[in-house]
Amino acid sequence: MAKKVEFLQGNEAAAHGAIYAGCNFFGGYPITPSTEVAEVMSIELPKIGGKFIQMEDEIGAMSACLGASLTGAKVLTSTSGPGLSLKQEIIGYGCIAEIPCVIFNVMRGGPSTGMPTGPSQSDVMCARWGTHGDHATIALMPASVQECYDMTAEAFSLSEKYRMPVHVLPDEIIAHMRERIEFREPGEIEITPRKAPTVPPEQYKPYDTSFGDVPPLANFGSGYKYHVTGLNKMQDGFPTTKAEIVQAEEERQVRKVSAKVDDIVTFEEYMLEDAEVVVVAYGSTSRSARYAVNVAREQGIKAGMFRIKTFWPFPDKQIKALAAKVKGFVIPEMNLGMCSIELERCAQGKVPVLGIFRVDGEPINPVQIVEKIKEVK
Amino acid sequence: MAFDYEKYLRPGKLPHIWCPGCGHGIVMKGLIRAMDTLKLDMKNTAIVSGIGCASRLPGYIDCCTLHTAHGRAAAFATGVKMAKPEMNVILCGGDGDGTAIGGNHFIHACRRNIDMTYIIMNNYIYGMTGGQFSPCTPTGHKASTTPYGNPDPNFDIAKLAIGAGATFVARGTAFHANQIDKLIAEAIQHKGFSVVEILDDCPTTYGRRNKYKSVIEMMNRLKEVAVPVKAAEKMSAEQLKGKVLTGVLYKDDTKCDYTTEYAKVIERAQAK
Numbered sequence: 001m002a003k004k005v006e007f008l009q010g011n012e013a014a015a016h017g018a019i020y021a022g023c024n025f026f027g028g029y030p031i032t033p034s035t036e037v038a039e040v041m042s043i044e045l046p047k048i049g050g051k052f053i054q055m056e057d058e059i060g061a062m063s064a065c066l067g068a069s070l071t072g073a074k075v076l077t078s079t080s081g082p083g084l085s086l087k088q089e090i091i092g093y094g095c096i097a098e099i100p101c102v103i104f105n106v107m108r109g110g111p112s113t114g115m116p117t118g119p120s121q122s123d124v125m126c127a128r129w130g131t132h133g134d135h136a137t138i139a140l141m142p143a144s145v146q147e148c149y150d151m152t153a154e155a156f157s158l159s160e161k162y163r164m165p166v167h168v169l170p171d172e173i174i175a176h177m178r179e180r181i182e183f184r185e186p187g188e189i190e191i192t193p194r195k196a197p198t199v200p201p202e203q204y205k206p207y208d209t210s211f212g213d214v215p216p217l218a219n220f221g222s223g224y225k226y227h228v229t230g231l232n233k234m235q236d237g238f239p240t241t242k243a244e245i246v247q248a249e250e251e252r253q254v255r256k257v258s259a260k261v262d263d264i265v266t267f268e269e270y271m272l273e274d275a276e277v278v279v280v281a282y283g284s285t286s287r288s289a290r291y292a293v294n295v296a297r298e299q300g301i302k303a304g305m306f307r308i309k310t311f312w313p314f315p316d317k318q319i320k321a322l323a324a325k326v327k328g329f330v331i332p333e334m335n336l337g338m339c340s341i342e343l344e345r346c347a348q349g350k351v352p353v354l355g356i357f358r359v360d361g362e363p364i365n366p367v368q369i370v371e372k373i374k375e376v377k
Numbered sequence: 001m002a003f004d005y006e007k008y009l010r011p012g013k014l015p016h017i018w019c020p021g022c023g024h025g026i027v028m029k030g031l032i033r034a035m036d037t038l039k040l041d042m043k044n045t046a047i048v049s050g051i052g053c054a055s056r057l058p059g060y061i062d063c064c065t066l067h068t069a070h071g072r073a074a075a076f077a078t079g080v081k082m083a084k085p086e087m088n089v090i091l092c093g094g095d096g097d098g099t100a101i102g103g104n105h106f107i108h109a110c111r112r113n114i115d116m117t118y119i120i121m122n123n124y125i126y127g128m129t130g131g132q133f134s135p136c137t138p139t140g141h142k143a144s145t146t147p148y149g150n151p152d153p154n155f156d157i158a159k160l161a162i163g164a165g166a167t168f169v170a171r172g173t174a175f176h177a178n179q180i181d182k183l184i185a186e187a188i189q190h191k192g193f194s195v196v197e198i199l200d201d202c203p204t205t206y207g208r209r210n211k212y213k214s215v216i217e218m219m220n221r222l223k224e225v226a227v228p229v230k231a232a233e234k235m236s237a238e239q240l241k242g243k244v245l246t247g248v249l250y251k252d253d254t255k256c257d258y259t260t261e262y263a264k265v266i267e268r269a270q271a272k
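Going down the list, the protein sequences come from chains A and B. Read in my numbering, the first sequence has 344 at position 344, and its numbers run on one by one without any break. Read in my numbering, the second sequence has 68 at position 68, and its numbers run on one by one without any break.
One or more hints might be untrue.
[Claimed, not checked] Under the rule of at most 30 Å between Cα atoms (straight-line distance), these lysine-lysine pairs were calculated in the DSBU-like manner:
1. A:K205 with B:K29
2. A:K374 with A:K309
3. B:K142 with A:K225
4. B:K241 with B:K142
If you're looking for bench data, these hints aren't it; they were derived computationally from the structure.
Looking at chain A on its own, in the form it has when it is part of the complex (with noise of 0.2 Å):
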């Protein structure tokens, strides 16, 4: 049977890539430039006899998604930098308490309101660290209509499998534009389902770490009790101060991620087996970047793209070996050198990170990255 194929904007491929991985509940709030996921699921769930409810505030949003994820459900939201700023409190909520959910958030400029409409890549901080305290992320970044509807049925696999919230991180761009896209058929994607409890509900704890770094998560009202909280807990899930227990879980729940990150992470290569420059890019920029390579290569300059689809946890081991055998990186990115602060980690200063740098709602041009590959000596 052909496959179905589809002309579709990122914001409505990746509400289909949601269903694909079985999502049933979506808690929204609209926002510009992400409103389609949230019009396309208010179509689409109450088909398959999802919930679709749109909340008073981004706040509710993301507490409505996490009270519906304890019951089971697989939730959604979708917003833009101003919403992801207001969700952070609640995101925080979903860290500590260990509850799924995939955020899709629309890259848009900022601070604050910013330029709602142009494109921007300012939020992969907000992202890795917009809520207080310590806490592990997970960010994937699409750069095709493909990945939004590939990498949000992903988030949802990743979002299960380590029990925390997962963001999808697409530009304006990648979100707004139409492509063609492939829907996929059951077991294209491996689809990981909630890790459930073994033991009977009198013997259930919700942080149990005998079952390792991830415990299993009972769905309420499946005849598991038990208590979440927003404070730091002890394994049956009430709360504690004490000191070791504390130290442990907050440990445990940022290793989670760290011990598994290169199972998490991936990553595109392109011309890189005897590259002297790499140019390392990430969402509708690697677009930009792939023409520049090519570019440079027809100009005889040994150019290639680490393109970064897992942002968060970040691929530091691919960049170290990188920079252990390059002349140098370029970093072309719609923000004022985000991605380049952890390049430049990763460098150590063996080698240069040569920055272009956009803010003003308008895409890098290959020109400009091909004018920046030359700069590397």
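Chain A is already provided as a structure; the job is to place chain B on it using the hints.
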């Protein structure tokens, strides 16, 4: 035989955090009696709260309990109820949590008429943080952040709930303990968003700043100001001055609750 509260409580979680003289424990006992009257399936019951002294209540009760972030109980609970309408969803918390930081979620839960019961313990103060004024602190009263008297007008929670669209609104007091379970039971049975405000006391952070010499004096005040709705019908405006109405203040059985309304959306979507 004395009522057996323990079968509803989680073993080993008492003593509770509340101060001597606080009314929250009286409200918790009322809730437990209400759940017992209705024979609620505790495996299928969620109690959701925000932050503050009153929001610690769920931790003591043996069911699905969700102690959320400050003010967010109604929003989390909305997600629980939407995703699993067959669950009994009860919210609890204080006046600051529910009407200040959580005010937006509160009014919208009322407006949606989602089938949940919200028990608001109104002690006119932020107790857990040491007695700052809340939207329910009476004008002129003292709090740690209104040392010269509170300049703010205060909310009437029941009127706020009715105005926002709640279809069952009741008020009781911590003094009238025997009425609490009946009000809560009726609220839970009501199909739609129900609000039960319980006038409470905080001797530690509110009473001592406002010249209440003892818990007994605070309890007596609750006794004196409360007037049952029925009795109030026969009283003059003059007689009702300074009094607070108690009992079921508002009930509307004609409006469809939210999850039933959304089931119709699903039907329409699937019929296409």
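Hints the structure fails to honour: 3
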